[in-house]
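A.B. asks: So the sequences go chain by chain: A and B.
Just so we're aligned, residue 1 is where the first sequence starts under full-length UniProt numbering, counting upward by one.
Just so we're aligned, residue 1 is where the second sequence starts under full-length UniProt numbering, counting upward by one.
The hints are simulated quantities; they were obtained by calculation from the structure and are not laboratory data.
Treat each hint with caution, since some may be false.
Note that the list lumps identical chains together, so a pair holds whenever it fits in one copy or between two copies.
Below, computed lysine-lysine pairings styled on DSSO-like, alpha-carbon distance capped at 30 Å [as the list claims (entries may be wrong)]: (1) K68 <-> K20; (2) K390 <-> K171; (3) K68 <-> K58; (4) K229 <-> K390; (5) K68 <-> K116; (6) K256 <-> K20; (7) K390 <-> K180; (8) K406 <-> K256; (9) K94 <-> K68; (10) K149 <-> K58; (11) K149 <-> K2.
Protein chains: 2
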Amino acid sequence: MKPVRLAILGLGTVGGGVLKLLQENAAEIRRRTGREIEITYVGTRRPRPDLNLPASIKQSADLIDIVKQADVDVVVEVMGGIHPAYEVITEALKHGKQVVTANKALLAEHGNELFKIADDHNVQITYEAAVAGGIPIIKVIREGLAANKIEWIAGIINGTGNFILTEMREKGRAFADVLKEAQQLGYAEADPTFDVEGIDAAHKLTILASCAFGIPLQFDKVYTEGISKITAQDVSYAENLGYRIKHLGIARRTHKGIELRVHPTLIPEEELLANVNGVKNAVLVQSNAVGPTLYYGAGAGAGPTASAVVADIIDIVRDIIYTEDGAGTIPQLAFEALADTPVLDSTEMTTGYYIRLNAEDQTGVLANVTTILSRAGIGIDAIMQQPRLKDLIPIVIMTDPVVESKMNDVLAEIQALSEIHGEIVRIRIELLEN
Amino acid sequence: MKPVRLAILGLGTVGGGVLKLLQENAAEIRRRTGREIEITYVGTRRPRPDLNLPASIKQSADLIDIVKQADVDVVVEVMGGIHPAYEVITEALKHGKQVVTANKALLAEHGNELFKIADDHNVQITYEAAVAGGIPIIKVIREGLAANKIEWIAGIINGTGNFILTEMREKGRAFADVLKEAQQLGYAEADPTFDVEGIDAAHKLTILASCAFGIPLQFDKVYTEGISKITAQDVSYAENLGYRIKHLGIARRTHKGIELRVHPTLIPEEELLANVNGVKNAVLVQSNAVGPTLYYGAGAGAGPTASAVVADIIDIVRDIIYTEDGAGTIPQLAFEALADTPVLDSTEMTTGYYIRLNAEDQTGVLANVTTILSRAGIGIDAIMQQPRLKDLIPIVIMTDPVVESKMNDVLAEIQALSEIHGEIVRIRIELLEN
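Bound conformation, chain A alone (with noise of 0.2 Å):
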């Protein structure tokens, strides 16, 4: 069977990213299609000598030229901007090519004419990661949520603003104070207008508000207005009567018409929206049958936006199959080939303890208890003694992650001491952490 080729035009974070997330995860992704993915071309306006391409990559800075050749199936455009992007893609569409992008201000601004062209020559153009990053959000509204008829959309889609407001409620600093941390940290560009002006999530939630409603790419009627006004009084004013403000994105469909709109909103503390901090998107959508869900992750950077845009191309490669082959379009079971991976009995598996203890005199049985766990290699995280309940006094362990057979010894020791009264209680712990 061919691999499907692809022309990556762009090499910074994104292309760069791309290219890694290609080369890392080569093998799951062919056990997920059962196809080759095969890079011909890669365009960048200098020469990239540095990255050590392999030889069978061809490198040009002619892009125009690059999305002629027969040998590219699909063109991957990360290079950003309006121009030359808008060109490159339109000639690779009238060529027949399949485009991915990841160019959102593009898309906003010229979304109608390019998706025209796309229409006019029977190929696509995707761009799930045009909008939050890495999370799949323009597949969850094209597909995911396609029964229903949605009713509004509030996203938190621009990072760096996230991370400034989660700042200055946290610290209670000021916004000049925290863009330039921002900037420091690479979160934020030099010229932040894009970022803290809201015109960044204006072209975003563009793109989601035609998704969601099928409405042409409007970004010219998008109220915007950013975060650069708000002081730190106010968000403390806001959190004293319960409320984060948080820069939200918001597309809602009213009997009068579509209120497409980017600027601060309190939003109720208890709400996941208000929880959601530092640099992560969320997106949140209001739909009539399914109700309010949610979706989260990060919404920039090589490694989630290489995932939003590998994942485009996978899809294409599944059409291609499926064209091909006839076989349907994704594996039942997500993976064209199965592994027989083993599935772990669960005392040899790995978490932190809680324990919960009775016992009849503390101190005597703290020493016995903690002797024996840390004999056994055990990590203690926490411990907590409580109020004497019933004449005996419960005493709480947090332990590190440990394997269960051996946690199973040592309460099974703990159990036999005499000052040990009842069944010792046990509840696993998971930080979550990556």
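Knowing the structure of chain A, use the given hints to seat chain B on it.
C.D. replies: The following block gives chain B in isolation, referenced to the frame of chain A:
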């Protein structure tokens, strides 16, 4: 163009929800797909004249006969239970029908055989509704995250269990007491074993893990522990330590093999997953490119489950269109036909407002300001007077939703008051309610 023809088997909560949704959202779904969806058969053990189904829908109790009919393209199995669902689906697949099911128990326990039969007959079983109800988690894992190597999944995938644990924590109630209420509310079955002993969650985890790691379904290897032994005492101790107890389904890849486990788990209270309350579900997925992403929504109920079932149907309709017409699988902007719904000017948008004034003499000002608001018919949700700052008294007012044009007029009037100094701050409020 021929409509796509469905047989719906089962007319309980889910079946009824599917019928209602297909009817209620027919126009929006047609706008998305460009193709009619027609129900040709409804299969129920007993005829249901009370439903007043259109005469064009044939009713029959002979399910095996229905799935053989030529005027059925897709069989929607929403009966639940292992038998006769297994036999009926098998027969449908052998007759070349696409199958959509919400049946987690059947798939977790017999999916390997059924998927094999589907493959052999070049059709598919789709099952978005089988896991986490209306959250499109199967699509996310099979497609949206397909570029990633998934490392682990941790999900709240049983709403009943989460409702019980939420009530225990928020109100200090005992397990048995809350379970009784859950049964009265219809959240828990008369026999709650499947929910509270973790079997339902284990069924769902089995399916999630197979999609995430590409392994056969292995329900019998899931370590399963319910919540029936969790006490209010442990819930409270965990909280004192900064943790919440959630009933999680966890699937994790380790170097030794795969962990599949369902058990009560202490997780840090600042995690979004710890703040998923009541009957809601949420799934946290850790992947190697995108990092952590989280998906939240309703895990059960007629509407949410129907949302997932009908999303699967729309996928099939789109595949049929692709096969017949060669048009792109999914419309680029989600809809085949875009609407010219007007986008509103910001002056026409309705939101609540947070207003901050700096006043010289608050007593007089409050009367003046509230009079202006009340004359305009704007409701006040909260007023907060803040400590004097630089000789002025900050006053914060939160209003009920009001159209911007009216708020503009009112603020101009307030701004003109001689006691008000500096520019009035206004920030929009959204309660994010349905």
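A.B. asks: None of the hints should be skipped; say for each whether it holds.
C.D. replies: Hint check:
1. For the identical chains of this complex, K68 and K20 are intra-copy neighbours only, at 25 Å inside a copy versus 49 Å across copies, given an alpha-carbon limit of 30 Å.
2. Taking identical chains as interchangeable, the C-alpha atoms of K390 and K171 lie at most 30 Å apart only when they sit on different chains, with a minimum of 22 Å there against 44 Å within one chain.
3. Taking the shortest alpha-carbon separations for K68 and K58, only the intra-copy value of 14 Å comes in at or below 30 Å, while the best inter-copy value is 54 Å.
4. Taking the shortest Cα distances, K229 and K390 sit within 30 Å of each other only across copies (20 Å), while inside one copy they are farther apart (58 Å).
5. In this assembly of identical chains, the alpha carbons of K68 and K116 lie at most 30 Å apart only when taken from the same copy (19 Å versus 42 Å across copies).
6. Proximity of K256 to K20 under the C-alpha cut-off of 30 Å is restricted to the inter-copy arrangement: shortest distance 26 Å between copies versus 48 Å within a copy.
7. Proximity of K390 to K180 under the C-alpha cut-off of 30 Å is restricted to the inter-copy arrangement: shortest distance 27 Å between copies versus 57 Å within a copy.
8. Taking identical chains as interchangeable, the C-alpha atoms of K406 and K256 lie at most 30 Å apart only when they sit on different chains, with a minimum of 16 Å there against 65 Å within one chain.
9. For the identical chains of this complex, K94 and K68 are intra-copy neighbours only, at 9 Å inside a copy versus 45 Å across copies, given an alpha-carbon limit of 30 Å.
10. When the C-alpha separation of K149 and K58 is checked against a cutoff of 30 Å, the pair qualifies only between copies, where the shortest distance is 28 Å, while the shortest distance within a copy is 46 Å.
11. Taking CA atoms no more than 30 Å apart as the test, K149 paired with K2 passes between copies only; the shortest distance there is 24 Å, against 40 Å inside one copy.
In the structure shown, no violation is registered for any of the earlier numbered hints.
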